[in-house]
Amino acid sequence: MTDTMTKPVESLSEYVDRARAWLAALEPRFGAEARKGLSVEQDLALAREYQTLKSEAGYACITLPREIGGGGGTELHKILFTQEESKYDYPTVYFGVSLGMPVPMMLRYADQETIQRLIPPSIRGELIWAQLFSEPAAGSDLAALRTRAVRDGDGWRIDGQKLWTSWAQFADYAIGVFRTDPTVAKHAGLTFFWLDMKSPGITVKEVRKLAGKTSEINEVFFDNVYVPDSQRMGEVGAGFRVAIETLMIERYSVTDENMGGPSLYDVAKFAANARINGRPALDDGQVRHALADALVERQGLRSIHRRALNAMAAGEEPGPEGSIRKLRLARRRQIIAELSLDLLGAQGIALDPEVSRAQDAAWSWIEIPGGRIAGGTDEILRNTIAEKVLGLPQDYRPDKKVPFNQIG
Amino acid sequence: MDNDVRTMLLDQATRLLEAEVDQSRLKTLLEAPGSFDRALWEKAVELGWPAIAIPELGGGLGLDLESLTPLLQELGQRTVSLPLVSGYVTAMALLDNGVAADVVAALASGEAIAALAFGEAGDCGLMPAAKFANGKITGAKAPAAFAAVADHALVTALDGDTPGLYLVALGGAGVERDVLEVIDNARAAAGLRLAGAPATPVVTGWAAVLRTAGIAATLTAFEQVGGSERCLKISVEYAKERKVFGQPIGAFQAIKHKLADMYQEVEIGRGCAIDALESLVAGQSDFLSLACTARLGAGASYDFCARECIQTHGGIGVTWEAEPQHHYRRARSLALELGGAPFWRDLLVDGQRVLETV
Chain Z
1 MTDTMTKPVE
11 SLSEYVDRAR
21 AWLAALEPRF
31 GAEARKGLSV
41 EQDLALAREY
51 QTLKSEAGYA
61 CITLPREIGG
71 GGGTELHKIL
81 FTQEESKYDY
91 PTVYFGVSLG
101 MPVPMMLRYA
111 DQETIQRLIP
121 PSIRGELIWA
131 QLFSEPAAGS
141 DLAALRTRAV
151 RDGDGWRIDG
161 QKLWTSWAQF
171 ADYAIGVFRT
181 DPTVAKHAGL
191 TFFWLDMKSP
201 GITVKEVRKL
211 AGKTSEINEV
221 FFDNVYVPDS
231 QRMGEVGAGF
241 RVAIETLMIE
251 RYSVTDENMG
261 GPSLYDVAKF
271 AANARINGRP
281 ALDDGQVRHA
291 LADALVERQG
301 LRSIHRRALN
311 AMAAGEEPGP
321 EGSIRKLRLA
331 RRRQIIAELS
341 LDLLGAQGIA
351 LDPEVSRAQD
361 AAWSWIEIPG
371 GRIAGGTDEI
381 LRNTIAEKVL
391 GLPQDYRPDK
401 KVPFNQIG
Chain G
1 MDNDVRTMLL
11 DQATRLLEAE
21 VDQSRLKTLL
31 EAPGSFDRAL
41 WEKAVELGWP
51 AIAIPELGGG
61 LGLDLESLTP
71 LLQELGQRTV
81 SLPLVSGYVT
91 AMALLDNGVA
101 ADVVAALASG
111 EAIAALAFGE
121 AGDCGLMPAA
131 KFANGKITGA
141 KAPAAFAAVA
151 DHALVTALDG
161 DTPGLYLVAL
171 GGAGVERDVL
181 EVIDNARAAA
191 GLRLAGAPAT
201 PVVTGWAAVL
211 RTAGIAATLT
221 AFEQVGGSER
231 CLKISVEYAK
241 ERKVFGQPIG
251 AFQAIKHKLA
261 DMYQEVEIGR
271 GCAIDALESL
281 VAGQSDFLSL
291 ACTARLGAGA
301 SYDFCARECI
311 QTHGGIGVTW
321 EAEPQHHYRR
331 ARSLALELGG
341 APFWRDLLVD
351 GQRVLETV
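Protein sequences, first through last, are from chains Z and G. Going by my numbering, the first residue of the first sequence is number 1, and it counts up by one from there. Going by my numbering, the first residue of the second sequence is number 1, and it counts up by one from there.
SDA-like mimics (lysine to any residue), calculated; alpha carbons at most 20 angstroms apart, straight line: (1) Z:Lys-388 x G:Pro-248; (2) Z:Lys-388 x G:His-257; (3) G:Lys-243 x Z:Asn-383; (4) G:Lys-240 x Z:Asn-383; (5) G:Lys-233 x Z:Leu-390; (6) G:Lys-243 x Z:Leu-390; (7) Z:Lys-388 x G:Asp-261; (8) G:Lys-243 x Z:Arg-397; (9) G:Lys-233 x Z:Gly-391; (10) Z:Lys-388 x G:Phe-252; (11) G:Lys-240 x Z:Glu-387; (12) G:Lys-240 x Z:Tyr-396; (13) Z:Lys-326 x G:His-257; (14) Z:Lys-326 x G:Asp-261; (15) G:Lys-240 x Z:Leu-390; (16) G:Lys-233 x Z:Gln-394; (17) G:Lys-233 x Z:Asn-383; (18) Z:Lys-388 x G:Ala-254; (19) G:Lys-240 x Z:Gln-394; (20) Z:Lys-388 x G:Lys-233; (21) G:Lys-240 x Z:Arg-397; (22) Z:Lys-388 x G:Lys-240; (23) G:Lys-240 x G:Ala-322; (24) G:Lys-233 x Z:Glu-387.
Since the hints were made in silico from the structure, they are not lab data. Small disclaimer: the values here were computed from a predicted structure and weren't measured.
The shape of chain Z in the complex, shown without the other chains (with noise of 0.2 angstroms):
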């Protein structure tokens, strides 16, 4: 209180300039140089380091109070916040489920206790929760899901399997959601409890996915797996609808424009030397038109972020037009990591090991499908767009009254 009455209240361009000397101050800790040649297990320790640092100064859950080591800033702050931290190489994956998700669906859910106990840890990275929501057979029909939890005593049993868990290798809690009635609709059968990730019948298995050697997702396997009924979050049988609420937590994503692969900078810089036929590939025709066309997206997707980032300012909803940036982003990231290939010819097979993933094309080019599905498949998206945006109807779904243990 005393606070705000003494200090002026500080401007968002103020903010910035602030977060801006705090990042830059670190680079030597935690920048791309620090982290060369680190092994994951290393890499995460270091990610540590920094995400208590981050809790310290503000800057870890902005929007969360202070008292549990958030920042008590707006989502203005936590997107600007983001925007400038993006500008660097960061440790910061393997905290973006576990504080995106399920730390804030546990102050919504979870008792006193139990918050006081495990999210100032888990704000500080300390703690990292994982969250099992996809199976074998529901991707993006999550409701499709089979992993069942079955009464006992005071508490439930959870058999069965999820997929595509990121970083439940590393994970230390869980928010999840199971199937307690095969015998009702498959929507209303669904339940959602947090869990121990070191409860006893819990085996974590890596994927190995098509791009690199180490992975960020599993499959985790639950055998007899024993949750007390104090750990439900919301009512038996609405636990699709605490699913989607966890999906709705951050009405407005922050993507960066380049999708973790090379900027346009990069590229156009890059065509500038490379040639076809000796002539200077930027000369080129085709080139020029694919990175016209790149440039106009960019243009556009930026117009649109920059007037979100005005309605948040001036306490309004960002339009829905912001839900196009992921879709438009991935497809292109791909596009143009193809085009700066073809560029490289024969020499663009290789794919070396020692180069920053940032900023190579065949990095960025066998890594970008996974872009294309996670967070919402382009199909998904497009659906999303059609039904919520312009109002066309829902695909036809002939299982969707059906009791789940009778759909064929």
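With chain Z held as given, fit chain G onto it using these hints.
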């Protein structure tokens, strides 16, 4: 204050266009080459539209460009063709260079109509071959919107090797108009044959030509955004209503995803148009690059939406009676009138400029 004026202008425009413009009126205009909706133009003049963004010292109302663009978007939605962009761009070129104050006043009052005659056969861009010498221009200009009815044209020509803009009185000596059948006859288009036509130099230099074209492109982008929006809207409505195989076509992903793609194009085009306008108004140095993205983004959006609007409508979409044909014609016409996309892409991806602005 400006917001109130904007709302009032737009309300007025919507009421007038709602009352005056219907499908049969638009179709009549398509029938004959060089068509111009003179009656509608006179009503627009009464409401002061030509004067909106022209400064008061030029006889205009001196409102900001953001008061004009919603109106352009509204015209675009309805495929109404009025010489507002050509009038504003010509008046500003004259005013900025202190040329022909009487013409500026006539354009602001709506007594006179201007055309932008920038293109020529043989190059999809804007570099002219027409020659200016001794106060006269000789050369042929490609069909230009409103040239069939305009009193003045802002014309590109070379003085020696230097391109520049010139004002030509179209009723004067040495000017012949070729009114010919075009993709969109409602644009009042005519080619110009200039044989020693008296011309007033307005400004010289390629940069000045590009800046003027960029302003025209930016404003035209709002007409294109309006057209794209309308294509999406009528396509969505039709997809909800039209049933095949027992359900609305809008329940099939082939159509839903097409419409979702149209939505994306509309929003990309709108974003590019808004950013270019803001840069123009703020006098930023990146204006030409943003004018290019507005030109390309809004143009591609309208072409895409018009094309897929017909496709969504199926057979009815290719009839004379249905609305989509107006957009199909207008989208292409607007995309060509200020030079083809390859020219604007070239301008955007000039190596040096890309490296400076990204």
